[in-house]
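Protein chains: 2
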Amino acid sequence: MSTENKPSLHTVLTPQLLDLYEVKDSIVVIIDVFRATSTMATALYNGATKIIPVDSPEACIEIGNATGGITAGERDGKIIPGLSYGNSPSEYPKSFIENKILVITTTNGTKLLHMALRKGAKEIITGSFPNLTQVVEYLKAQHAPVILGCAGWKNRFNIEDTLFAGAVIEAIKEHFTIHCDSSFMANQLYNQHKNNLPTYIKTLTHWHRLAAYGLESDMLYCITQDIAPSLPIFKEGALINGV
Amino acid sequence: MSTENKPSLHTVLTPQLLDLYEVKDSIVVIIDVFRATSTMATALYNGATKIIPVDSPEACIEIGNATGGITAGERDGKIIPGLSYGNSPSEYPKSFIENKILVITTTNGTKLLHMALRKGAKEIITGSFPNLTQVVEYLKAQHAPVILGCAGWKNRFNIEDTLFAGAVIEAIKEHFTIHCDSSFMANQLYNQHKNNLPTYIKTLTHWHRLAAYGLESDMLYCITQDIAPSLPIFKEGALINGV
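Chains as they are written, first to last, in the numbering used here: chain A, 1 to 243; chain B, 1 to 243.
FYI, nobody ran anything at the bench for these hints, they're computed from the structure.
It cannot be assumed that every hint is accurate.
Claimed, not checked - Chain A regions said to be covered by chain B (calculated; three or more residues, Cβ under 8 Å):
hint: 1; stretch: 6-19
hint: 2; stretch: 203-215
Stated by the list, open to error - A short list of chain B residues far from chain A (calculated; beta carbon distances all over 10 Å):
hint: 3; residue: Asn5
hint: 4; residue: Glu22
hint: 5; residue: Gly68
hint: 6; residue: Gly77
hint: 7; residue: Leu83
hint: 8; residue: Tyr85
hint: 9; residue: Glu98
hint: 10; residue: Lys154
hint: 11; residue: Thr177
hint: 12; residue: Asp181
hint: 13; residue: Ser182
hint: 14; residue: Leu204
hint: 15; residue: Thr224
hint: 16; residue: Glu236
hint: 17; residue: Gly237
Note that the Cβ used here is the ideal one computed from N, Cα and C, for glycine as well.
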């Protein structure tokens, strides 16, 4: 493939920067490593029928009632009053989630997904280390522009989502035209730390925030590559497993 | 100094993220490595009386006429019609700029400076590799919260401004409380590349953009540490040399 024919790839470091990029007709990968998109990959891999991401607890309860789905969401490390489960991937083993609908509200990832939807994304998938290879293989097969969308933390940059973007870039960069300093930085950051991720993540702001709630093992799970190889793809209001 | 008494330090990766941070009562460092803040440091070091940063060519002409100042500004590598000089540090040697007023309009840096001003920054200075040590010594002496403000490129992230933020952080991090992934990333990026900056910058998007205008030597100057050791500080509408 000649350089000219390779589609573009950009990395959006936080949702607040999304409007600077050509979302329309791009495939957008929603990245929320700790923990929304890791949990989504896990639930679908373990047989959930679909996942309905919603942006408020009220919508979560309403849609949970309407669909008979399991309602899930946390704020500050605790299950939101009125919902039944949290955001931890460990809550969704096959024995529990298979053939069920999960209705989930999360702080950063769900918001970004809905923004990408409103801006006319061609396709929306979610990415995380537990489903890295599925994401990589999907993007390589599409021959379409890609936006790696980091959910960040309250619109600020965070390192763990950027690390995952860098892991994707490392795997697919030969197939894309990249004129994007955010992507170069993400790729370098990943290569700098890829051999010591479990140690490195303990230096991050989000590690300290979630470790205070006892969620260390969740975070180690969330950087485990290909442990939940599903492909969450957004179709008709819900994420389904595209594998 | 105990941890509790150390002031905070944050890095703002692009102007579009500035509203997420506590600008009021902070010292804001405006960073526009290629080339606005490098040129400002140079002009003040070479004896310019003051620099008036403005956000449009029209304002540049008007204030140039009112003050008898030299008007400067580029778009797309060319001097803007109606202005007299460009954005290159090489245009402002002592023999030319000493005892003169420089009225300059730039794409990204000037805009960020005015944003910080409107948001109530306690002090505004400009930083670049040519005046790195002056910036570092000033920040260490103030005992106040610091925001390192990267001008970026049309609100997108760029690597060269983040590298300079990382250089500042490397020099002052023991004196500040840092809970900011942007700052951690900037510091790591700088440490990863500090020993090969002249090679590394040739991989950046901005290098390619400016090299197309023949500005390679400008960019190499702009990563030369302490070659123009002034301290541009914003007072009564203009940057003066605070050294």
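The hints, checked one at a time:
1. 6-19: holds (count 4)
2. 203-215: Result for this restraint: holds, n = 5.
3. Asn5: At about 20 Å from chain A, asparagine 5 of chain B clears the 10 Å cut-off, so the statement holds.
4. Glu22: Answer for glutamate 22 of chain B: holds, closest chain A Cβ roughly 12 Å.
5. Gly68: holds, 39 Å
6. Gly77: holds, 17 Å
7. Leu83: The claim stands: leucine 83 of chain B keeps its Cβ more than 10 Å from every Cβ of chain A (closest is about 27 Å).
8. Tyr85: It holds; tyrosine 85 of chain B is separated from chain A by about 28 Å at its closest Cβ, greater than 10 Å.
9. Glu98: holds, 36 Å
10. Lys154: At roughly 7 Å from the nearest Cβ of chain A, lysine 154 of chain B sits no farther out than 10 Å, so the non-interface label is violated.
11. Thr177: Fine: 12 Å to the nearest Cβ keeps threonine 177 of chain B off the interface.
12. Asp181: Label violated. Min Cβ-Cβ 5 Å, cutoff 10 Å.
13. Ser182: At about 5 Å from chain A, serine 182 of chain B fails to clear the 10 Å cut-off, so the statement is violated.
14. Leu204: violated, 6 Å
15. Thr224: holds, 21 Å
16. Glu236: holds, 32 Å
17. Gly237: Given a closest Cβ separation of 30 Å, the condition holds.
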